[in-house]
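> All chains should be built: construct the whole structure from the sequences, respecting the hints.
Protein chains: 2
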Amino acid sequence: MKQLLIWSFLLLSTSVKAQQNPLIACWSRYEVAFQGPATGNPFKDVSLTATFSNGNRKVTVSGFYDGGGTYRVRFMPDTIGEWRYSTKSNQPSLSGRTGTFQCGPPAAGNHGPVKVANTWHFKYADGQWYYPFGTTIYAWTHQGEALQEQTLHSLSSAGFNKVRMCVFPKYYTHVEEDPALYPFPQVSFNPNAAKRFVWDLSRFNPAFFQHLEKRIDDLAKLGIEADLILFHPYDKGRWGFDSLGTETDNRYLQYITARLSSFHNVWWSMANEFDFIKTKSRSIWDVYTKTVIDNDSYHHLCSIHNGSVYYDLWKDEFTHASIQNGAAVEDFGRAILQRNMVFKPVIYDEVCYEGNIEQRWGRLSGEEMVHAFWQGIIAGTYVTHGETIEDHPNDTIFWAKGGKFRGTSPPRIAFLRHIMEEGPGPLELADMWKDHQTAQSGTGYYIVYFGKQLQSEWTFNLPKKNGPNAGTKYKVEIIDTWAMTITPVSAVFETASPDGYRIFDKQLKKIKLPLRPYLALRITAVEH
Amino acid sequence: MKQLLIWSFLLLSTSVKAQQNPLIACWSRYEVAFQGPATGNPFKDVSLTATFSNGNRKVTVSGFYDGGGTYRVRFMPDTIGEWRYSTKSNQPSLSGRTGTFQCGPPAAGNHGPVKVANTWHFKYADGQWYYPFGTTIYAWTHQGEALQEQTLHSLSSAGFNKVRMCVFPKYYTHVEEDPALYPFPQVSFNPNAAKRFVWDLSRFNPAFFQHLEKRIDDLAKLGIEADLILFHPYDKGRWGFDSLGTETDNRYLQYITARLSSFHNVWWSMANEFDFIKTKSRSIWDVYTKTVIDNDSYHHLCSIHNGSVYYDLWKDEFTHASIQNGAAVEDFGRAILQRNMVFKPVIYDEVCYEGNIEQRWGRLSGEEMVHAFWQGIIAGTYVTHGETIEDHPNDTIFWAKGGKFRGTSPPRIAFLRHIMEEGPGPLELADMWKDHQTAQSGTGYYIVYFGKQLQSEWTFNLPKKNGPNAGTKYKVEIIDTWAMTITPVSAVFETASPDGYRIFDKQLKKIKLPLRPYLALRITAVEH
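As you go down the protein sequences, you meet chains A and B in turn. Residues 129 to 656, numbered by my numbering, are exactly what the first sequence covers, in order. Residues 129 to 656, numbered by my numbering, are exactly what the second sequence covers, in order.
Take these hints with a grain of salt, some might be off.
For chains that are exact copies, the list does not tell them apart, and a pair is met inside one copy or across any two.
[Claimed, not checked] For lysine to any residue, the following SDA-like pairs were computed, each having C-alpha atoms within a straight-line distance of at most 25 Å:
1) 406 / 471
2) 593 / 611
3) 562 / 496
4) 638 / 613
5) 562 / 301
6) 443 / 409
7) 592 / 401
8) 634 / 217
9) 418 / 440
10) 562 / 405
11) 172 / 383
12) 593 / 496
13) 443 / 411
14) 562 / 630
15) 342 / 217
16) 592 / 459
17) 562 / 435
18) 472 / 435
19) 243 / 190
Everything labelled a hint here was simulated from the structure, so no lab data went into it.
Written out as structure tokens, the structure reads:
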């Protein structure tokens, strides 16, 4: 597990004030601040964009008002060399401002934003495979500072590389507190009124977003992607952030994308359980998604997460399918069926949680949670963790607020991540509608997962479909996915010609297996 | 089973020559013939359309050349009353021809074309539920007449209400003969040439299509929908019908839709295993589908069937998803996952076949075939049968050529159809991601399917989700899906308030079950 710690050595995105031709690392953040009008309503009245150019390449980004008369423009360069910018604004003092910076090599540990690769999978911009192993901390940024720091500390050693987190505070079972910061300035508060809070929805509260940004940068330092949930239904009149109206919703999306698009580790999740947000029509999600995409010059990953009804996951605007459905990774032969329907990566972003709470979605055993990850990964899909364990009344529940992991699944999930990152690439079922246990990454690398099935021996066999030539030699290792052990088998296996739909060892060699559930095999071609 | 025989008493679509104001039954076929030019190439040179009107309603259909100087226009009226028509043509003798007919009530047994209903299901145009229980006879119309008649006789008592059948002849394992009729006139034949047949692709062979039409009418008489496969990959140079080129493909689609759109029982299947047709690009299917839809004024059901890669099943042009994937209905919890992804009916149109041939797709047991149907139906999806049984060398294989059913599944499939048609409506899983055994049609009707699971008793329980109020009374019948028996349980059950996520009988009543696989329960609300 020590190897996981190297994921932490990542450089913070560089935020700079306007300097003369500074050096900015690739995929980090260049930021320039201008002073401008502080009167009227700068959030609404002032327009500001900047066009950055490098050779023939031009990228236009929106600036934003950050309070106190300060306007900012942020940019994430993806090409080494000199970049120039020039601003446009309806305010003369903000228009025609120019400058340059040098983009240098990326900092160690910054692989750039995550992109879709090979239809079903992900790579960082620098070409390294990215396998999402996420967890869920919906309202962690709305808790007290000490708890937020504890959450970061927990994440620093857990092995997750993505978190699902909400912009807006959450009001729901296990998380009912008012946060310290709100996205809009507060006009009045009446604890006895039906509508307790009155907000000035024509303005934003920069401090709220500055805090959110700090936390996203904190995640970046840990090598963690922030799958940022832009809307959610867990409000129901407490603050009213689920029912701001279309105009404010759109202005909020423009503001947050102007602030955050330059963060290399941001993903857009249009909503959590979009269909449970009863104040928004189904069709409005296309409008909101367009707003986000039109304002994000970097094409960050973008998805929408469902409650009990899926959105139109095939739409081009969504880079991947973010799916709530625990059943899809409960047993063999399921996860692939949903992947077959959309030509994009599938992340099962909610599959119930490891926990012990009353609600059935919060009481998976650790074994069930880990099994779900293996079910997903062998089908060429991905799974997200969440933890709803409350052993003592004062325990924070990680899924809601963060704090400490108490479950048994996180180290096993990190172990699986480690196996994936040691391997040559993402997995695909070799014979997808007939053999739901055997995944491959080319003919040189197979993973066979047995799930709950116990067996005392296994005769070496692989699917004929997408299989190796006769005479290919393999070594086999027995993986105990729960004990987190990898045990080499001493024999070397050599494939015969196909016999029916399977390929066996020439001598029909078999191996002994311990009678334990949750075993897997790693089968790797060896040189002669 | 006698009750199934009433499905046979259906009236043939009425085909009439031009009479004075004839009476045409609703959803049957009005046909009018004109004499026109027989020289040149009437298939290409002559345009002919007719606009039919009833009050403000106008429907324009294409006519077609039927050989021997005869041009025909066909129309399927869907509204009772007087219809008038007027033709347009680039030939004066065919232009401005007018006439009228009276549309009367539909003939007994003609419920009109099948349409999508309630997002996931089907109804006939007259509002009656249609549950597809199809079988597969790819090349039956290309066999000898006696075999075709035997096939119809087999279908007349089998209980299937849809067949998947190809327009073009098929060259594949178990069906390699040349047919008597071809869709194009033959220019030359050289058995020793690489390309044995040379066709005049600028013309069609009306006799081929007349024969196909007769067979589709024969199916209509049996109450069977013709799911007509417009292209398929099973040619590979034998006749060249898989590689006619885009222009001929499009003309063929225009011709066949002009001839067949007025048949109430036609469905368009753009292709079988579209991805195995290597001569056509993926993108061309959008073009071909548009050609079909633009030429079909009645909006018949339209789908495209896959080999190992799905087409874009969500596209609006496809009324339903026609899916090859046996794994999806092999076990609980799978069929629903694909239905979740598309907001249209799902028919698992190829799930492997009951048979005993070498290929693994042709060796399901009867039990497995029937189990697949139950898996599909309880998840609110549908399944299609096929039979690949060859007990003796002279046996025709029904899936390929038709002939006689030899399998054990057809009567059990008819039994399930009978149960569905007795019920109040289509089934939906009540608690779709948690309970994959319990389907409902409202709270008054539940079907619980146990599959291979044996148990000596069953405590009355239903999902809380979408469940009944406390105090609802039910009777229970034990269905043996293999023995085709329905055994009433004498007790009456009365629901308590929910206990966790389930609803039990107030006295926790249970029933004894025989220790046999493939049992189901029918649970029906009873009046006090």
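> Could you run down the list of hints and mark each one as holding or not?
Hints versus structure:
Taking CA atoms no more than 25 Å apart as the test, residue 406 paired with residue 471 passes between copies only; the shortest distance there is 20 Å, against 29 Å inside one copy. Proximity of residue 593 to residue 611 under the C-alpha cut-off of 25 Å is found in neither arrangement, the shortest distances being 32 Å within a copy and 37 Å between copies. Both within a single protomer and between protomers do residue 562 and residue 496 lie at most 25 Å apart by alpha-carbon distance, with minima of 23 Å and 14 Å respectively. Proximity of residue 638 to residue 613 under the C-alpha cut-off of 25 Å is restricted to the intra-copy arrangement: shortest distance 20 Å within a copy versus 46 Å between copies.
Taking the closest pair of Cα atoms, residue 562 and residue 301 come within 25 Å of each other only across two copies (21 Å); inside a single copy the shortest separation is 42 Å, beyond that limit. In this homomeric assembly, residue 443 and residue 409 come within 25 Å of each other (Cα to Cα) both inside a single copy, at 17 Å, and across copies, at 21 Å. Taking identical chains as interchangeable, the C-alpha atoms of residue 592 and residue 401 lie at most 25 Å apart only when they sit on different chains, with a minimum of 21 Å there against 41 Å within one chain. In the homo-oligomer, the alpha carbons of residue 634 and residue 217 never lie at most 25 Å apart, since the shortest distance is 74 Å inside one protomer and 71 Å across protomers.
In this homomeric assembly, residue 418 and residue 440 come within 25 Å of each other (Cα to Cα) both inside a single copy, at 14 Å, and across copies, at 22 Å. Taking the shortest Cα distances, residue 562 and residue 405 sit within 25 Å of each other only across copies (22 Å), while inside one copy they are farther apart (39 Å). In this homomeric assembly, residue 172 and residue 383 come within 25 Å of each other (Cα to Cα) only inside a single copy, at 10 Å, whereas the closest approach across copies is 60 Å. Proximity of residue 593 to residue 496 under the C-alpha cut-off of 25 Å is restricted to the inter-copy arrangement: shortest distance 23 Å between copies versus 30 Å within a copy.
Taking CA atoms no more than 25 Å apart as the test, residue 443 paired with residue 411 passes in both settings, with 13 Å inside one copy and 17 Å between copies. When the C-alpha separation of residue 562 and residue 630 is checked against a cutoff of 25 Å, the pair qualifies only within one copy, where the shortest distance is 11 Å, while the shortest distance between copies is 34 Å. When the C-alpha separation of residue 342 and residue 217 is checked against a cutoff of 25 Å, the pair qualifies neither within a copy, at 27 Å, nor between copies, at 73 Å. Taking identical chains as interchangeable, the C-alpha atoms of residue 592 and residue 459 lie at most 25 Å apart whether they share a chain (23 Å) or sit on different chains (23 Å).
Taking the shortest alpha-carbon separations for residue 562 and residue 435, only the inter-copy value of 14 Å comes in at or below 25 Å, while the best intra-copy value is 30 Å. When the C-alpha separation of residue 472 and residue 435 is checked against a cutoff of 25 Å, the pair qualifies both within a copy, at 20 Å, and between copies, at 19 Å. In this assembly of identical chains, the alpha carbons of residue 243 and residue 190 lie at most 25 Å apart only when taken from the same copy (22 Å versus 49 Å across copies).
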